[in-house]
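Chains as they are written, first to last, in our numbering: chain Z, 1 to 293; chain V, 1 to 293.
The hints are simulated quantities; they were obtained by calculation from the structure and are not laboratory data. Glycine is no exception: its CB is placed at the ideal position from the N, C-alpha and C atoms. Just to be clear, a hint being listed does not mean it is correct.
[To be verified] Facing chain Z, a subset of chain V residues (Cβ under 8 angstroms, in silico):
#, residue
1, N133
2, V137
3, P193
Protein chains: 2
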Amino acid sequence: MNTPFNPGLTGSRLDRADQIRIKEDKLAEVRGSLRARLLKLNDLDPEIGPDNMLVWGSMIDRPDDSELLFLGMEGDTPYFAPLIENAPPTGQAAYAVWRYLDIMPPEEASTYAAARSLIEWHRGHLFCSRCGNRSQVSKGGWGRTCQSCGAEHFPRVDPVVIMLATFEGKALVGRQPRFPPDRYSALAGFVEPGESLEGAVTRELFEEAGVHATSVRYLSSQPWPFPNTLMMACIAPVESDELTLDTEELEAAKWVTKQQVLDAFDGAVDAQFIAPPHFAIAHTLLRAWAEDK
Amino acid sequence: MNTPFNPGLTGSRLDRADQIRIKEDKLAEVRGSLRARLLKLNDLDPEIGPDNMLVWGSMIDRPDDSELLFLGMEGDTPYFAPLIENAPPTGQAAYAVWRYLDIMPPEEASTYAAARSLIEWHRGHLFCSRCGNRSQVSKGGWGRTCQSCGAEHFPRVDPVVIMLATFEGKALVGRQPRFPPDRYSALAGFVEPGESLEGAVTRELFEEAGVHATSVRYLSSQPWPFPNTLMMACIAPVESDELTLDTEELEAAKWVTKQQVLDAFDGAVDAQFIAPPHFAIAHTLLRAWAEDK
């Protein structure tokens with residue numbers, strides 16, 4: 001599939017093979033295959049080989065107290081990740097993992113993102129939200145079933161909009177209090193029930209920065225495994241550059257030119273801010289805008 | 001906000017007023033306002049006035065056993081919906097509601113969609129998925145808090161891709177077994193953890209119809225309250241018109257021309273299929289393609 005943007009964490013080589021994971025007999029067959037590969041993890045962190053790729057072992061490496069997540073097939077080879085359910089959910093992004101995402105190819109990071117998101121989802125959803133009883137892993141890790149009330153639960157993916165407000169050749173970047181020093185990025189927020197993507201962009205820009213979008217252009221998307229969002233990047237021209245910041249969400253925000261964005265990417269000594277890392281779609285978005293893509 | 005597509009169920013007049021719903025004192029103030037309006041519902045169905053608009057009462061109409069969902073503000077007027085938690089989740093789409101969506105203006109349907117989705121989310125999430133204890137409504141209905149383990153839960157929105165595969169001037173429409181007779185629509189599927197929107201379009205087209213997308217163009221989106229999805233419409237040229245159908249997902253599929261889509265919209269006597277209703281984004285998508293927008 002051609003894409004003009006190629007954001008990080010996209011393009012996994014694995015076929016998710018839904019026709020296998022929904023059938024218990026087919027799952028048992030791939031689980032028993034001598035070719036089956038098991039992802040090596042240190043809790044949620046990946047192991048990375050000298051080639052900057054994920055490291056896979058055989059099923060013999062499976063921890064005693066683990067379930068198996070079926071990640072998909074590449075040719076005849078089934079790929080799994082170990083799921084240890086009884087570990088606490090870790091919650092938000094661990095900057096420690098970013099050094100792995102920095103060196104892994106995007107399609108490898110994409111495979112890792114699916115495994116990590118699924119494991120975190122299971123750990124936060126051991127109990128049925130409908131009846132409160134303990135539920136069980138189903139569909140090779142792509143669901144949970146409650147044997148008490150019969151409810152089926154599927155992994156949650158939270159849609160998030162991440163957007164550049166633009167005005168007269170400048171774009172708006174802001175920083176959250178938790179960001180590393182001098183880092184600025186595009187504004188972002190969760191899409192809520194009863195809202196379109198375009199509606200969420202408009203609402204968030206007004207809530208966080210007091211600017212009114214006149215239109216919204218979708219650019220590209222990426223999965224983000226901290227813990228489980230679908231990041232959708234947009235560009236939104238706004239009516240004015242006058243800002244009213246929500247200081248609980250944003251510590252600071254400023255308008256930057258295309259040249260200032262390019263300087264930030266180059267790490268120029270007089271750069272006005274530190275850009276988001278190449279594997280984050282905020283980077284893709286800023287680059288697409290600065291390079292007029 | 002200008003949008004070239006204006007899908008159904010978008011454009012609510014209410015300001016969600018996050019600055020109110022996250023503060024208990026501000027919420028109490030709007031809850032106590034004499035101006036406060038309460039949405040009239042028959043369980044999950046809306047009441048519709050002679051003007052095809054939602055019907056609102058005063059707080060005196062609040063059912064005894066209900067919580068209040070804060071839907072937002074219009075000027076000085078706060079809007080609420082009653083939440084009766086202890087009713088079973090209804091699950092999938094009720095075609096009965098479609099006749100209301102048929103006559104309500106899109107921005108009114110958008111307000112209703114938010115209320116309906118939130119109510120269904122609460123009913124399916126009375127218990128904490130992390131520890132299994134009963135949780136409580138928080139943030140004016142935009143969250144639940146578990147007093148046993150401290151977990152905070154936020155309303156779930158499931159991102160879904162809905163797409164037209166295109167090949168040499170034709171587009172692919174299919175029908176699910178649950179569709180009304182002769183109804184055909186765009187193919188659709190959930191975005192999974194670790195997947196981009198473009199990746200989900202590509203995977204679903206291959207899984208359901210055996211066609212390979214060469215690119216993906218995002219068009220527009222809408223919320224869909226049965227129970228709680230974000231529908232994102234895309235157009236995807238594919239390599240060939242040869243189909244391999246997943247007959248568990250699709251009962252039938254066929255390639256249609258732009259003229260055949262326009263005939264279906266017109267309800268022509270020799271129309272090849274019945275088009276999706278105007279308030280569904282599948283309609284917006286088919287129209288955008290057939291009219292070269």
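Verification of the supplied hints:
no.	hint	verdict
1	N133	holds, 7 angstroms
2	V137	violated, 14 angstroms
3	P193	holds, 4 angstroms
Taken one by one, the earlier hints fail for this structure only at number 2.
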